[in-house]
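Enquirer: Here is what each chain is made of, one letter per residue.
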Amino acid sequence: MRTVAVVGASLAGLRSVQELRSQGFDGRIVVIGEEPHAPYDRPPLSKAFLSGALPAADLALSDDDFGAEWRLGVRASRLDPSSGSVFLSTGEVVRADGVVIATGGRPRTLPGTASLRGVHALRTLDDAVALRAELLPGARVVVVGAGWIGAEVASTCRSLGLDVTVVEAAAIPMERALGPVLGSLCADLHADHGVDLRLGVGVESFAHNGSRVTGVVLHDGTHLPADVVVAGIGVEPAVDWLAGSGLALDNGVLCDHGCVTSLPSVVAVGDVARYRSSRGHVRHEHWTNASEQPVVAVRNLLAGTTAETFRPSGYVWSDQYGVRLQLAGETGGADEVAVIDGSPDDRRFIAEFRRAGRPIGLLAMNNAKLFGRLRRRLTAVP
Amino acid sequence: MITACAVDDLPVGESVVVSGEVAIAVFNADGEFYAIDDTCTHQDASLSEGWLEGCFVECPLHAASFDLRTGIPNCLPAKKAVRTYPVVVQDGMIYVDTGRHEAVA
Ligand SMILES: Cc1cc2nc3c(=O)[nH]c(=O)nc-3n(C[C@H](O)[C@H](O)[C@H](O)COP(=O)(O)OP(=O)(O)OC[C@H]3O[C@@H](n4cnc5c(N)ncnc54)[C@H](O)[C@@H]3O)c2cc1C
Ligand code: FES
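The listed protein sequences derive, respectively, from chains A and B.
Plus 39 on top of the position in the first sequence (first one is 1) and you've got my numbering.
Plus 28 on top of the position in the second sequence (first one is 1) and you've got my numbering.
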């Protein structure tokens, strides 16, 4: 293999470049990244960067270029795997005998808000800069969606002293991931910190003055005045550029148990990759996954065959309202949840998720040390 | 020089935090004692709560792994080294020489 093209210059792309080099690939690497920025860390965008505590310079993920050609601010518009051609927005074509797809995801946007100022999604550094500029004293913020990102944005806005309302269509936030009891605990965290949480109600429309949002109208007729609206309603895998490539696409790039697509010369990693696990095809949207998958994907790419199976640690963290949440393994799909250390009332505990009596996942709140030990035991289970 | 604890109070695989000017974590890695800054250089996490494997401690938060001998991280997301401090064992007690921290690049 002489040339590898890495498409997407964020965490999974950077980790792929690192792995290519550390696994001994000394050929040409071309990295194509749509954003103008060198790889940076996304998690702080809803936390310390949004609050202003962390400067942009501290977000950089690496100071090394690994002897790769970094084509930043350039989009890959099409892939022809049979000839190994990646077509760029500049009109150039990169010919490569290996391709790493690391294009991540794009945030879903709220219908009918495309031309409205004051309505934000949060995925990129530029998104975060734009949102932060509007979090001015006295601003009334409505967050749509009480998932991880929504909760973190709400928490950061409260820490800035802003008025925050969170609108969530489900009756219990995070119920599918965490179950009803721990989902309700997430609701309590919002309430404890003075957030007005509206559960079980969807958004009907947006009020505006012609150019800027002024409020959010809910299905039950409630009108919430708003200066800033933030959508935290999920992410779509960025696969549009792969249309016509012949690769199987279904809620992400479909790949096998080693992150290899239907072609052995093309692998997919990070938020965009939907790989085959023992539970069927799954796609994760978490930092650790994007960092871990390239180890296996690059090994298989260089081997020209699926020599190794990806085994996810399933580790996820979230910081909100001053508590540190950590998850490992599978938390959805449990038939039993038991608190095995501490107590939810003290906001310091560990819950174990079980299926048929077997531990499958963990959730810790402010309990990092024990969590670190227990999560190893979990992954040791076959 | 500050006192960490008695050798007997720090079994293999365990850690203790001593507070001086900054918090310092002392580890017993397979019988060898090491002292490093307790706070991760990435964000706000206590490395003494991390996972010890050989001469490396993995940050409990985002899993950056630091070499206890040099303080240098060997993976993302940390990029900066933590400071390391000489450890002295005398008469069954563990001491940390906080005056002589090694400022690694
Ligand atoms: C605000 C926020 C907070 C988060 N907090 C946490 C957290 O606390 N814990 C956690 O575990 N995870 C968190 N995450 C998730 C984590 O950041 C992602 O899982 C991770 O960034 C995925 O990395 P990736 O490289 O796969 O994709 P991405 O980071 O999405 O990067 C993909 C890159 O590819 C580029 N790209 C897309 N299409 C093309 C194309 N056609 N050509 C060229 N380039 C293209 C994009 O511009 C982008 O730069 C958070 C995410 C966000 C947005
Ligand atoms: S705080 Fe230690 S790795 Fe992030």
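Don't read these hints as lab results, they were simulated from the structure.
Be aware that one or more of the hints could be misleading.
As the list claims (entries may be wrong) - Each computed DSSO-like pair below joins lysine-lysine, with the alpha-carbon atoms no more than 30 Å apart: (1) B:Lys107 / A:Lys86; (2) B:Lys108 / A:Lys86; (3) A:Lys408 / A:Lys86; (4) B:Lys107 / A:Lys408; (5) A:Lys408 / B:Lys108.
Stated by the list, open to error - Label-pair ranges, simulated between beta-carbon atoms: (6) B:Met29 / A:Gly106: 25 to 33 Å; (7) B:Gly41 / A:Arg251: 55 to 63 Å; (8) A:Ile379 / B:Pro39: 21 to 29 Å; (9) B:Arg97 / A:Arg318: 39 to 47 Å.
Glycine residues also receive a C-beta, built at the ideal position from the N, C-alpha and C atoms.
Enquirer: Now look at each hint and say whether the structure bears it out.
Expert: Here's how the hints hold up against the structure:
Between B:Lys107 and A:Lys86 the CA atoms are separated by roughly 19 Å; this keeps the pair inside 30 Å, and the hint holds. For the hint pairing B:Lys108 with A:Lys86, the CA-to-CA distance comes to about 21 Å; that is within 30 Å, so the pair holds. At roughly 22 Å between alpha-carbon atoms, A:Lys408 and A:Lys86 fall within 30 Å of each other, so this suggested pair holds. A C-alpha spacing of about 22 Å is found between B:Lys107 and A:Lys408, which places the hinted pair at or below 30 Å, so the restraint holds.
Under the criterion of a C-alpha separation no larger than 30 Å, the hint pairing A:Lys408 with B:Lys108 is consistent with the structure, at around 22 Å. A hinted range of 25 to 33 Å is violated for the C-beta pair B:Met29 and A:Gly106, which are about 45 Å apart. Against the hinted window of 55 to 63 Å, the Cβ-Cβ separation of B:Gly41 and A:Arg251 comes to about 58 Å, which satisfies the hint. As the Cβ distance of A:Ile379 to B:Pro39 is approximately 23 Å, the hint placing it in 21 to 29 Å holds.
At roughly 41 Å, the beta-carbon separation of B:Arg97 and A:Arg318 lies within the given 39 to 47 Å, and the hint holds.
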